[in-house]
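Asker: Given next are the chains, with one letter for each unit.
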Amino acid sequence: MSRKGYVLFDRNTRALIYGYQTNAIQRMLDFDYICKREVPSISAVINPNRAGIHKAFWGTKEILLPMYKTTAAAAKAHPEADVMVNFASHRSAFETTMEALEVPTIGTVAVIAEGVPERQSRVMAATARKLEKMILGPATVGGMAAGAFRIGNTAGTIDNIIASRLYRPGCVGFVSKSGGMLNEAFNIISRNSSGIYEGVAIGGDRYPGSTMLDHILRYERNPEIKMIACLGELGGEDEYRIIAALKEGKIKKPLVAWVTGTCSPVLPASVQFGHAGAKADTKKETAQAKNDAFREAGAYVPCTFDDYGKVIAQVYGILKAKGEVQDVVEPEVPRLPLDYSKALATGAIRRPTTFICTITDDRGEELLYAGKRLSDVLDQRMGIGGVIGLLWFKKELPDYAAQFIELVLQIVADHGPAVSGAHNAIVASCAGKDLISSLCSGLLTIGPRFGGAIDDAAREFKSARESGLSPEQFVNEMKKKGINIPGIGHKIKSVKNPDKRVQLLIGYAKRNFPSTELLNYAIQVEQLTTAKKGNLILNVDGCIGILFLDLMSSCGAFTKEEIDEVVRLGYLNGLFALGRSIGLIGHILDQKRLGARLYRHPAEDIAYMMPSSDEIQCKRS
Amino acid sequence: MERFVNKKSIRAAKVVLDMAQRGIREYDAKRMLARYLPEYLNDFSYKGEVALVGPETDLEALAAANPWLKTGRLVVKPDQLFGKRGKHGLVLLDASWEGVKKYLKENMGAEVVVGGTSGRLTHFLIERFIPHKEEFYVAISSDRDGDNIFFSTEGGVGVEESWDRVVQIHVDILEGIKSPDIRSQLPAALGEKKLDQIERFLRALYRFYAETGFTYIEINPFTFQDGAIVPLDMVAKLDDAEEYWQRKRWQGIEFPEPFGRRLSREELFIKDLDSKTGASLKLTILNPNGRVWTMVAGGGASVIFADTICDLGNASEMANYGEYSGDPNTEETYHYTRTILDLMTRERHPRGKVLLIGGAIANFTDVANTFKGVVMALKEYQEKLKASGVKIYVRRGGPNYEVGLKLMRDLGEMLGVPIEVYGPETHMTRIVPLALGGASS
Chain A
207 MSRKGYVLFD
217 RNTRALIYGY
227 QTNAIQRMLD
237 FDYICKREVP
247 SISAVINPNR
257 AGIHKAFWGT
267 KEILLPMYKT
277 TAAAAKAHPE
287 ADVMVNFASH
297 RSAFETTMEA
307 LEVPTIGTVA
317 VIAEGVPERQ
327 SRVMAATARK
337 LEKMILGPAT
347 VGGMAAGAFR
357 IGNTAGTIDN
367 IIASRLYRPG
377 CVGFVSKSGG
387 MLNEAFNIIS
397 RNSSGIYEGV
407 AIGGDRYPGS
417 TMLDHILRYE
427 RNPEIKMIAC
437 LGELGGEDEY
447 RIIAALKEGK
457 IKKPLVAWVT
467 GTCSPVLPAS
477 VQFGHAGAKA
487 DTKKETAQAK
497 NDAFREAGAY
507 VPCTFDDYGK
517 VIAQVYGILK
527 AKGEVQDVVE
537 PEVPRLPLDY
547 SKALATGAIR
557 RPTTFICTIT
567 DDRGEELLYA
577 GKRLSDVLDQ
587 RMGIGGVIGL
597 LWFKKELPDY
607 AAQFIELVLQ
617 IVADHGPAVS
627 GAHNAIVASC
637 AGKDLISSLC
647 SGLLTIGPRF
657 GGAIDDAARE
667 FKSARESGLS
677 PEQFVNEMKK
687 KGINIPGIGH
697 KIKSVKNPDK
707 RVQLLIGYAK
717 RNFPSTELLN
727 YAIQVEQLTT
737 AKKGNLILNV
747 DGCIGILFLD
757 LMSSCGAFTK
767 EEIDEVVRLG
777 YLNGLFALGR
787 SIGLIGHILD
797 QKRLGARLYR
807 HPAEDIAYMM
817 PSSDEIQCKR
827 S
Chain B
13 MERFVNKKSI
23 RAAKVVLDMA
33 QRGIREYDAK
43 RMLARYLPEY
53 LNDFSYKGEV
63 ALVGPETDLE
73 ALAAANPWLK
83 TGRLVVKPDQ
93 LFGKRGKHGL
103 VLLDASWEGV
113 KKYLKENMGA
123 EVVVGGTSGR
133 LTHFLIERFI
143 PHKEEFYVAI
153 SSDRDGDNIF
163 FSTEGGVGVE
173 ESWDRVVQIH
183 VDILEGIKSP
193 DIRSQLPAAL
203 GEKKLDQIER
213 FLRALYRFYA
223 ETGFTYIEIN
233 PFTFQDGAIV
243 PLDMVAKLDD
253 AEEYWQRKRW
263 QGIEFPEPFG
273 RRLSREELFI
283 KDLDSKTGAS
293 LKLTILNPNG
303 RVWTMVAGGG
313 ASVIFADTIC
323 DLGNASEMAN
333 YGEYSGDPNT
343 EETYHYTRTI
353 LDLMTRERHP
363 RGKVLLIGGA
373 IANFTDVANT
383 FKGVVMALKE
393 YQEKLKASGV
403 KIYVRRGGPN
413 YEVGLKLMRD
423 LGEMLGVPIE
433 VYGPETHMTR
443 IVPLALGGAS
453 S
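Same order as they appear, the protein sequences are chains A and B.
Quick note, the working numbering runs 206 ahead of the 1-based positions in the first sequence.
Quick note, the working numbering runs 12 ahead of the 1-based positions in the second sequence.
Please note that a few of the clues may not be correct.
[As the list claims (entries may be wrong)] Derived CB-CB ranges, DEER-like:
1. Asp567/A - Arg259/B: 23 to 29 Å
2. Pro362/B - Pro537/A: 54 to 60 Å
3. Gly265/A - Ser276/B: 52 to 58 Å
[To be verified] With a cut-off of at most 27 Å between alpha-carbon atoms, the simulated DSS-like pairs for lysine-lysine come out as follows:
4. Lys489/A - Lys96/B
5. Lys418/B - Lys548/A
6. Lys205/B - Lys489/A
Hints in this document: simulated from the structure, not taken from any laboratory.
Here the structure is a predicted model, which means the values were calculated and not measured.
We put the beta carbon where it would ideally sit given N, CA and C, even for glycine.
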């Protein structure tokens with residue numbers, strides 16, 4: 207390392223980030239950007255779940271950060287990174303930190319996790335001391351070198367970083383236990399001096415990886431730092447190590463100190479302050495005793511925290527009068543582009559949307575179907591028919607209409623294994639395809655010849671009736687055009703062998719619909735066609751399509767334009783696809799349960815008829 | 013209350029609830045010792061015959077589950093994380109089951125004062141009475157560099173007086189128990205057999221301590237019965253951060269509340285609210301008639317606000333201590349604020365009351381958002397706030413603070429309640445002297 211030992215972070219420091227903390231990563235890069243660093247402070251990300259790349263912003267541009275699964279791999283590829291910011295949870299903070307300490311190129315580890323057991327913390331700290339490495343934390347936000355390097359989320363938003371002038375170095379070295387007071391301390395120091403040079407929080411635990419004294423001694427050796435400020439807590443002996451160093455003359459730079467917790471004698475004994483380390487066991491460990499000892503050892507100690515800023519200003523004033531410090535000429539700070547989501551939230555920008563959705567809203571506390579809360583849908587027992595009403599038609603259908611939809615779904619749910627949809631699904635399932643692929647294979651057969659006649663039937667019958675054709679005229683016209691009337695005719699069923707499904711549908715409609723005009727028309731048509739051939743009956747597709755039109759025009763919920771749209775957009779084939787999916791899934795699962803093997807069609811069932819050699823010859827003329 | 017191993021740091025009775033280090037009942041400590049120490053010391057034969065009696069315990073069912081209760085002589089004593097029980101006359105020795113029942117009848121629910129803290133007796137430990145002459149002392153505690161084993165052949169109540177004869181063995185955190193030479197440090201007068209037994213016991217106890225998540229163990233005294241080690245009195249603390257690793261050994265152990273403090277209805281309400289959320293909501297009422305009330309965001313800042321009130325000579329007027337942090341939702345901040353407003357508007361104060369809504373510069377929490385719940389509660393208490401002559405001082409910074417502060421400023425005008433509002437340009441605790449009078453902004 208070319209860097210001096212007392213410098214943990216400078217403008218060239220590169221770090222490995224353990225844990226896929228995308229916000230923290232972006233915040234570090236944003237800080238780099240406003241400090242005008244030449245290279246990003248992050249070399250790579252360690253994400254135990256995934257190797258690859260992470261895309262992040264560098265100003266307005268985007269950059270790619272390599273991502274590795276292990277610390278070893280990341281460190282091997284990035285020997286220039288000597289800091290690891292460890293975002294591992296309290297469960298894995300120990301293993302990951304110990305592993306990082308063993309990596310020769312890593313010199314500093316910041317451990318962010320709270321709740322690391324004391325024994326683990328002590329082992330980490332002792333190991334770091336043995337290897338002459340530095341640990342910040344556990345239980346800290348980290349720290350930063352102003353204008354140079356930021357650990358994770360230290361100092362909060364960019365607005366705050368700019369307000370506290372952390373984009374360039376000042377002359378004050380700061381250390382505290384509490385990470386929660388770091389922003390405030392940076393603010394106080396920037397208002398009362400030339401600002402922070404470096405500030406770290408060692409973490410509020412009983413056994414932090416490094417002590418406040420460790421950092422104060424670094425600040426003492428760093429010629430760029432002219433004064434030191436620290437914020438201690440009641441409990442523990444850490445402050446007395448600083449006091450001893452002061453007395454021994456190891457700290458010569460002015461030190462502004464304050465120990466919080468002076469209120470503790472007033473509080474009942476059992477009140478626990480925020481930090482595990484903050485607990486005064488002896489009189490010596492009280493905040494008062496420590497503040498007095500600091501004062502006696504020659505530190506600058508305010509009477510209350512309220513004067514902390516004043517004392518810093520006073521010390522800074524003395525240094526300035528001596529000519530040891532100068533006010534900083536503020537550099538120009540590059541403007542950080544506003545994040546899209548933030549700008550949108552504040553109403554500063556707008557952008558046309560790409561998609562529109564008018565049926566479901568999943569953004570709020572509860573899912574909405576066509577504006578209706580899911581819990582209301584369930585409370586009112588709207589059923590599948592009601593949900594289809596909301597999501598397909600955006601209407602609360604009357605009960606009999608919703609029940610008609612359910613009747614249709616039940617009727618079309620399956621029609622045996624031999625029909626093309628089920629057959630295809632079965633063959634795909636036997637070929638070892640998964641449920642979804644097999645289902646799609648079956649659904650793909652739905653069309654003009656299989657199950658897809660509902661819309662066509664509805665369309666033809668509707669247009670015939672609306673253009674005033676008598677049933678005879680309609681039949682003749684279709685015959686002239688050479689088109690089979692959609693919805694008429696069945697392979698097996700006939701007048702003598704009626705389709706029970708059609709009878710059930712008609713029975714329901716007659717009982718419940720206010721009117722069945724189009725059905726009546728269709729039955730007149732059927733009388734004409736069956737007179738010609740017994741199997742030219744109104745089939746189930748035709749019956750569903752026609753009854754749906756009757757339902758829509760008689761229930762009062764649909765305008766004429768809406769009915770036209772339903773027919774035009776092909777809503778009604780959706781009923782068949784939805785209903786038949788039930789049966790298809792059943793067939794697929796059935797085959798899987800049975801352990802059915804690959805299906806191969808028997809050769810004897812195929813007429814092989816090859817073209818002759820003459821037929822395939824291209825004739826040269 | 014437990015005896016601290018460093019004689020100099022023996023302090024007045026003071027039970028401190030510590031976030032990471034938490035006291036456990038002697039009952040649980042002894043059961044864990046009996047169950048797990050044999051894994052490190054195969055001739056440890058202590059069976060852990062202990063029974064715990066709480067306010068709801070059915071004594072006959074207890075006796076049925078622990079037949080030894082009716083057959084031998086017994087000891088009964090409170091088991092509520094405080095020591096010096098003998099000195100306070102709370103230990104009954106060499107008693108029959110009938111005697112124990114009589115003792116329990118007299119003492120269950122009794123109000124006692126221990127080391128200046130008064131509280132109610134609710135839990136008792138019953139165990140076998142062990143007649144003995146020898147009393148040994150052993151304790152293990154932790155420091156930054158390792159752990160310390162303390163041992164003395166002069167255990168019992170007098171150990172503190174003869175502290176200079178306590179042997180201290182340091183165990184390095186990285187080296188472990190294998191390296192220190194224990195034998196040569198023990199008094200040779202014990203004789204070969206006991207020396208061997210005690211050395212093995214200390215090594216095993218250390219491993220039990222280190223591998224079961226303890227941060228403090230004290231057995232004072234332990235003795236020998238028929239050549240086997242028996243613990244008589246035991247104090248222990250666990251590091252609650254170890255819970256994830258110790259689930260199996262701890263088996264959902266209970267961490268009792270420190271002796272004495274009884275929570276008020278409002279404190280219990282906030283404690284309950286706190287237990288149901290990922291956020292942190294804390295409230296301690298110090299003086300319900302006090303003039304100065306605080307509602308401070310963040311653990312670090314809340315201590316400093318309380319400090320400043322005290323340092324400016326107003327400790328006696330400080331009504332509460334507490335904090336809210338970790339991004340509580342609107343409903344939670346509403347309930348928290350409401351609880352404080354309700355408390356502070358019950359009685360009038362001749363000089364009028366002040367509420368300090370304080371906080372440092374937040375990291376990423378939207379300040380305007382966190383004020384929503386506060387505003388709801390203040391609106392609700394408009395009339396009472398006016399009637400009690402409450403003055404409110406606000407100081408906060410962080411994301412969106414301008415909007416948050418304007419919200420509070422406008423609210424003051426709307427409610428007709430004086431609200432002074434400051435941002436990060438004003439020193440964090442400046443509102444304390446402003447509110448207490450005698451300072452100018």
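Asker: Evaluate each hint against the coordinates.
Answerer: These are the hints, each one checked on the structure:
1. Asp567/A - Arg259/B: 23 to 29 Å: Because 42 Å falls outside the window, the suggested range is violated.
2. Pro362/B - Pro537/A: 54 to 60 Å: Holds: the Cβ-Cβ distance is about 55 Å, inside 54 to 60 Å.
3. Gly265/A - Ser276/B: 52 to 58 Å: With a Cβ separation near 55 Å, Gly265/A and Ser276/B satisfy 52 to 58 Å, so the hint holds.
4. Lys489/A - Lys96/B: Satisfied, since the Cα-Cα distance of roughly 21 Å is no more than 27 Å.
5. Lys418/B - Lys548/A: Status holds; Cα separation ~20 Å.
6. Lys205/B - Lys489/A: Violated: Lys205/B and Lys489/A sit about 43 Å apart, past 27 Å.
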